[in-house]
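A.B. asks: As a plain string of letters, each chain reads:
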Amino acid sequence: MTHVLDPTAAGRPVTTGAPDAFADVTRSDSAFRAFLHGLPGVDQVGAEARAAQLGTRSIKTTAKAWAIDTAISMVDLTTLEGADTPGKVRSLAAKARRPDPTDAGCPAVAAVCVYGDLAGVARDALAGTGIHTAAVATAFPSGRASRAVKLADVRDAVEAGADEIDMVIDRGAFLAGRYLDVFEEVVAVKEACGPAHLKVILETGELRTYDAVRRASWLAMLAGGDFIKTSTGKVSPAATLPVCLVMLEAVRDFRDATGVQIGVKPAGGIKTTKDAVKHLVMINEVVGADWLSPDWFRFGASSLLNDLLLQRQKLRTGHYSGPDHVSVD
Amino acid sequence: MTSVFEYAPAPESRSIVDIAPSYGLFVDGEFTAGQGTPLTTVNPATEEVLSEIAVGTDADVDRAVRAARKAFTRVWGPMRPADRGKYLFRIARLLQERAREFAVLETLDNGKPITESRDVDVPLAAAHFFYHAGWADKLDHVGLGAAPRPHGVAGQVIPWNFPLMMLAWKVAPALAAGNTVVLKPAETTPLTALLFAEICQHADLPPGVVNIVTGAGDTGRAVVEHPDVDKVAFTGSTEVGKQIARAVAGTQKVLTLELGGKAANIVFDDAPVDQAVEGIVRGIFFNQGHVCCAGSRLLVQESVHDEVIASLQRRMGTLRVGDPLDKNTDIGAINSREQLARIRELVGIGEAEGAHLWQPAGELPERGNWFKPTVFTDVSPAHRIARDEVFGPVLSVLTFRTPDEAVAKANNSTYGLSAGIWSEKGSRILSIANQLRAGVVWANTFNQFDPTSPFGGYKQSGHGREGGRLGLRAYLKES
Amino acid sequence: MSDRLAVRKTYKLYLGGKFPRSESGRTYSVTDAKGAFVANAAWASRKDARDAVVAARGAFAGWSTATAYNRGQVLYRVAEVMEGRAAQFADEVAAGEGLSAAKARAAVDAAVDRWVWYAGWTDKLASVLGGTNPVAGPFFDFSVPEPSGVVAVLAPQRSSLLGLVSVLAPVLATGCTAVLVSSHERPLPAITLSEVLATSDVPGGVANLLTGSAAEIGPWLAEHADVDGIDLAGAGTAAMELERSAAGTLKRVLRAPAEEPDWTADPGLTRMTPFLETKTVWHPIGV
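Chains as they are written, first to last, in UniProt numbering: chain G, 1 to 329; chain Y, 1 to 479; chain H, 1 to 287.
Hints listed in this document are in silico derivations from the structure and should not be mistaken for laboratory results.
Cβ atoms here follow ideal geometry from the backbone N, Cα and C, with glycine treated the same way.
A couple of the hints might just be wrong.
To be verified - Taking lysine-lysine and the DSS-like style, the derived pairs with C-alpha atoms no more than 27 Å apart in a straight line are: (1) G:K271 - Y:K138; (2) Y:K242 - Y:K409; (3) Y:K327 - G:K64; (4) Y:K253 - Y:K242.
Said to hold, decoys possible - Ranges of calculated distance between the beta carbons of each label pair, as one might list FRET restraints: (5) G:V328 - Y:A8: 27 to 35 Å; (6) G:T8 - Y:I349: 28 to 36 Å; (7) Y:S303 - H:N70: 35 to 43 Å.
The whole structure should be built from the sequences, with the hints applied where relevant.
C.D. replies: Okay, here's the thing in structure tokens:
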């Protein structure tokens, strides 16, 4: 049997800096730009090749069973449609609590993610389950509103019962190089969140380059985001393996430098068990087991859950299942 | 919930290959007995004997050269070039069709991870035939004037590190140019060449066009020194390359040599560091470091030395060492006991000379030939491990302060096969690439190969190129 | 006819851009084709050869990185200066090779034209021998020819000027630097050519011309670890042994045919490609 030489290696910090090591990089626009542009570059071809290589890992039998249950437990079961209703959200919450009605051993998902006006419905439906209520806010998905409106959006959602807020950054400002504006907005949102966890959506499909993804990741982490999240799901491409790789490297480096651990959430486009397992492999080998937990890694997804359930049934029963054997959402 | 993600074993099935208890020589289209005392070939991961291999004597080699000469004169030489090309296309397709079988067999015989034989060796071998097939009827365009002529019989001797791929690098251009071939595979890795003989049969390749004579050094010498061989191509050690160059001196034989290396992989302080670490790993641990162009000397700018080495060590700890047939293995078995002994000897010298050795924690399999991925820091240019080719998973780290110093240290070698540069600054990359005395320079990447891309060394890494138009020219002369 | 007594030239070596005598102090008599004494030539020693290699190595960095355009201009300048001294070359060729004045002049003209031909090659080689390679991946991949380094040239024994230029010019055109050993019996055109090189913008050390015996110096050059290539044109029966010696450091070897060839023939690329390496460079294509 092949084995990894040093199971603790991936998660081992290479340095530990003081938490306030970066306290003054946001002192001015130019200082912040200099800092973000001083981060190591990302070679697109190399990053994509590494992600593809990790994607060739062969996860079978017991490892696959473990991975499927872990992935289910990391799902932020999401509905973000204009047509969403309380009924739809309650139905989703029921599925979140018991994804496979035929198997009580199937873990619950991590959270249900909805628009802010439905956060209360979700919270009520999930009461007592330990499943989190996540709400998108800050004029999701475009983020094109005044800061006052965005902050009100956040406060509304938190008051309605959301304990996790998924905000979007101002990509326009980011791409225009107004990094400090973006930073200050995240800081303000974090403050508005109060006790709620903040996930910062970078919308990597609009940032276009991995260099920008790395910079945006650092910006969001420095501003106090608890998670960095790839995408709204409304822009293509959404989550991709190499984007997630770059973000994982960012949280790894951030913890090395500050001692502070930040979570990662790829969202949008992850539809199959295979995709999910590739992400878990990537966590395992890039940042280590510390991130292999719903506290530190989430999948923003809707249809992924059903594929995980189908694969789970296959492993459990030994024969292939079909779409009528899992519930429609 | 925090847990350890253990990968269950994911072995590729070996049932796809059918290894005969013994193999003869492939001469004139048939398997025939060899007159030498047979060798055995073993699986280096388990030390299990895989098969008994015929050994070609001088007389056997003579028989093979005669067959090749006859095929050259009567069949392959006069054949319509387009038809020669079609045979090569057939071979390419047959390799693709049986890719999985070749990959498993290569891994069994060589010890390399199945992911590498599956994703690198076999696809590149097929690609070489596909590429050269298209050349067969376009030889007027190689740059040797109209109607260039093949040399005749090519004697080719290949190494054990990429057995099938090296076969393809040798056989495909030779045949495309109209030569016939006597090929001597490496003593420890003959099996994929013998399976390739079957491909030649299935392709209905005329008898004698490809002859495969297995054996050890004496057999290779007989191929190189046979008076009716017109063109000699060798890939292997610099020491043997020198012997071959001496042997062909004073003859009309045309010679190309692809020999050893001690490549510098230069990491500047503005490198894309995560990709650089991957490139360092790919550079030295790919194929257990059994790579002539391996990036075995890491030259890292002093200002980022500690950071790069720490990241590299962390990454090395995640390498998966073990069963080469397991699809999750990153580092397989060392090909032979002899090679393992040489690696151990040089590593011992490195320690004795005062370099600092680091290996990841963890155990190696008990049975078989294994060596942990190893990095030496505090290496000085005078150390043996900074100068001699280890041909194993052993990296020597040196530092530099300025671009000039990097170039001077990189070029301070009798070898000149390959080099790497990691920097985000385009003009610096081009400047350093210009100054490096090496035949292949990988900038922000490493260990990439392609049939269209000429490969070969400066200085004592050999001469001549393989791949591309230039590689093909080595098998042709002006008419 | 003038009754002025001619001022004769002392023929010396050309080494590192200077004209020293042999460090050994040795000379030998050069006679014309009929056996009459013409001059004493310096008889280069192995130490002179060693010094020449040092000079050639020192000049390599500058010459090999000069622009191809600049190298072409320098080689063309050699042709210009040589043309102006055509009469002197013709006299030496006629005397040394026993040719008629017309035939000697034709050889000189051909030699000048050969410089012009190679001058035009310097900035074509990379496009003829190099190019981009369409690899199956997201990489920009290109190959360029580069000079091998220091090349030892054993000049032809018979063709003292056209043969000499035909072996020296291609080495310089590639960007290599040269240590050349002239024809033993017919060294005078080599020395005169040195004077042309010294006044034609060829940097000192790029071409080093030794008179003496290829048989004596050849083995030292063939074994010299800092020599990258060797042209055996004038090696004669020693060629095989020299090639064997050259194998010890894997030199690039340009073999000689059994008989000295017709130097008037179009040489194509055959005298340049042996002393050119190919460098292939890969870089990812990404944003």
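A.B. asks: Does each hint hold? Answer for all of them.
C.D. replies: Results for each hint:
For the suggested pair G:K271 and Y:K138, the alpha carbons sit about 48 Å apart, so the restraint of at most 27 Å is broken. Restraint check for Y:K242 and Y:K409: satisfied, since their Cα atoms lie roughly 25 Å apart, inside the 27 Å limit. Between Y:K327 and G:K64, the direct Cα distance comes to roughly 14 Å. Compliance with the 27 Å bound is thereby established for this hinted pair. For a cut-off of 27 Å, the pair hint linking Y:K253 to Y:K242 stands: about 15 Å separates their Cα positions.
For G:V328 paired with Y:A8, a C-beta distance near 32 Å keeps the hint of 27 to 35 Å intact. Hint check: G:T8 to Y:I349, Cβ distance near 31 Å, so the stated range 28 to 36 Å holds. Roughly 36 Å separates the CB atoms of Y:S303 and H:N70, a value that falls within the hinted 35 to 43 Å.
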